[in-house]
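Enquirer: Please work from the sequences and hints to get the whole structure.
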Amino acid sequence: MNLSMKIMAGSVRHAILLATGTLVLLPFLWMVSLSLKPPAELFSSSFKLLPEHWFAVENYTKALTAAPLPRFMLNGVIVCAAILLLQIIVCAPAAYALAKIRFAGREVIFGIVLIGLLIPHQVLALPLFILCYWLGILNTYAALIVPFVVSPFGIFLLRQFFMSIPDDIIHAARLDGLSELSIVWRIMLPMSLPAVIAFSIVSVVGHWNDLFWPLLVVHSQGFMPPSLGIVTFANAEAGNDYGPLMAGATLVVAPLVICFFAAQRWFIEGLTAGSVK
Amino acid sequence: MEQWFYNDNLGRGPDNEEILLAGVSIRGVSKSFGSANILNGISLDICDGEFLTLLGPSGCGKSTLLRIIAGLERQDCGTIEVAGNKVDHLRPKRRDVAMVFQSYALYPHLTVSENMALPLRMGRLSAWRRLPVIGALLPGARSVSAEIKTEVARTAKALGIDHLLARKPGQLSGGQRQRVAVGRAMVRHPAVFLMDEPLSNLDAKLRVQMRGEIKELHRRLGVTFIYVTHDQTEAMTMSDRIAVMLDGQLAQAASPQQIYASPADRRVAELIGAPKINLLEAAPRGEGLLAVAGSTLALDSKLDDGNSVTLGIRPESLQFAERAGLNTLTGRLRYVEHLGTDLFAHVDVPGSSEPLVARLPVEFASNLQSDQTVHLRVRREQALLFSADGRRLSESDGQFTQLRSCAG
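Chains as they are written, first to last, in this note's numbering: chain A, 1 to 277; chain B, 1 to 408.
Each hint should be verified, as a subset may be incorrect.
Partial list, derived from the structure: chain A residues whose beta carbon lies under 8 Å from chain B [stated by the list, open to error]:
id, residue
1, Lys-48
2, His-171
3, Asp-176
4, Pro-190
Keep in mind the hints are simulated off the structure, nothing from the lab. Here the structure is a predicted model, which is why all the values come from computation and not from measurement. Where is the CB? At the ideal position from N, CA and C, for every residue including glycine.
Expert: Structure (structure tokens):
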């Protein structure tokens, strides 16, 4: 009886999870499915997940050749890598200072970081755009990178993680002759690897998929990140040709999905570490 | 008690000055966090090569004092000297001190050998040479690295952890981590070892073993050890000298025997000794007599009537007596604890809520039954008297006249 109750509860739980999971995954599946079909089958009245005539090669070839998709992807890699690297270079020492060094005004500065966390990026778009104009970096990689270098989320996440590292470790490092910056790079950051990986995923996914800001500051194809590239591709090249468009979208998303699965364990650990302790 | 230290060195002639300068000198160090005074003008000289223990209950400021010596905390006033040089302006790494932490504070992402090599790498390799890959290609880096490797291996061997060098701290037991932490301090060959309750995270058996090993390490290295603990057994067994700290003040600094036999303060007497010293309120009755717990004790000298004093009697200073009399306390036996070699008799005496504890030879076990009346003779020469403010009273150091003048 007890066992059957357990099985019942388990199946109900799984049914709910499956239903909501399907709801979330459906558009994604639909995208992949469309990317495999020939144009004639796209709008057929009968719903089929797999195509009757496989059209994958044609769609994906067109996606890769009609628009400079590899170029967009390369731009995405350059921009995301630069943003992430600079974010860690800026955030880690800031988080260390906020977590472990006593100085006047520390709480105020941390409060400002928290406020920064609350402000949506769109609110800052106009002043940042004007700033980029003054700096003369519009339509360059710099315009895509510089506004994101200081990440309140990164500072917050790393600070929470650094707080959980015992002071004795830092004292030992000081006695061992490490400077404050080498404590950050040699001790704090390696010890916070789960948090760094979690932050990296959030940062890379966010900027890889970002459409809003690149749309404002970049108009040459040479600097376009993947999401913006796909949009222009949809307008100019593909028109109603949804097969190649979906193929392109699948190609753009694929690296992220692969990365996430590779780093899933650390991601969960990193995001929950600060909150559970 | 610093007197003792100076006197001890007086006979040494021209070397005297040097010996005094070596070791560590703490002069008038105070520290407060916000409104809380942690340290109040601590002054203490520690000889070169001495094993000094800072003993005190938690919150007495002993760890803070250790961190001030290490340079991890800045004192509000006062100075610290290491080997005769002021070090107040120096960063921790320049002070020639190494520290072993209660939590060991090993770097969890580095292997044992990397943990132990880090202080040497920071000291001997330039920033460029420490870079991964490129650093190894720079001139000199390779020979220095090899040198560091052999030194780490030698230290590890001396501590019996050479088979663990490739492991990470997470894969080690508590005792092994402790040895690694000691090893990391040892490789630098510091002039002073600072140890902050290094044994408190170990189980009882391992603690006894490591106690012996640390003492042996001190004997072998011959450098100054400053050891912080709240465990009186550690302090008594390991130290050349114990500095008892209470409420941010240095209560007494003396050898373990002196601290036990002639504590300067009632709180020091309470801190040292297990079971605790028996403390009884006493009233002088002129004529060199003292009224305690319904009995009368004879004193060698007179105390002023009306000044209440506290009588301190160690459990082993009480003897079994057949009948009541002068210098004998009478009470009802509550229970007896057997220890094999001795037994502890807990005796309720009038006027005290806590039972009196007497350490008696096991032969008396058959004579003792619960609720019976027992008589205990006080070994007068071992009894300690404390004034109302907790200071020790004794004839030899002239405290009596001082007390008289204070009392007015």
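Enquirer: Confirm or reject each hint.
Expert: Hint by hint, here is what the structure shows:
1. For A/Lys-48, the interface hint is violated, the least distance from its beta-carbon to any beta-carbon of chain B being 51 Å, above 8 Å.
2. Annotation: interface hint on A/His-171 holds; nearest CB of chain B at approximately 5 Å, less than 8 Å.
3. With a least beta-carbon distance of about 4 Å to chain B, the hint placing A/Asp-176 at the interface is held under the 8 Å criterion.
4. Hint status for A/Pro-190: holds, given a least beta-carbon distance of 4 Å to chain B, under 8 Å.
In the structure shown, a violation is registered for the earlier hint numbered 1 alone.
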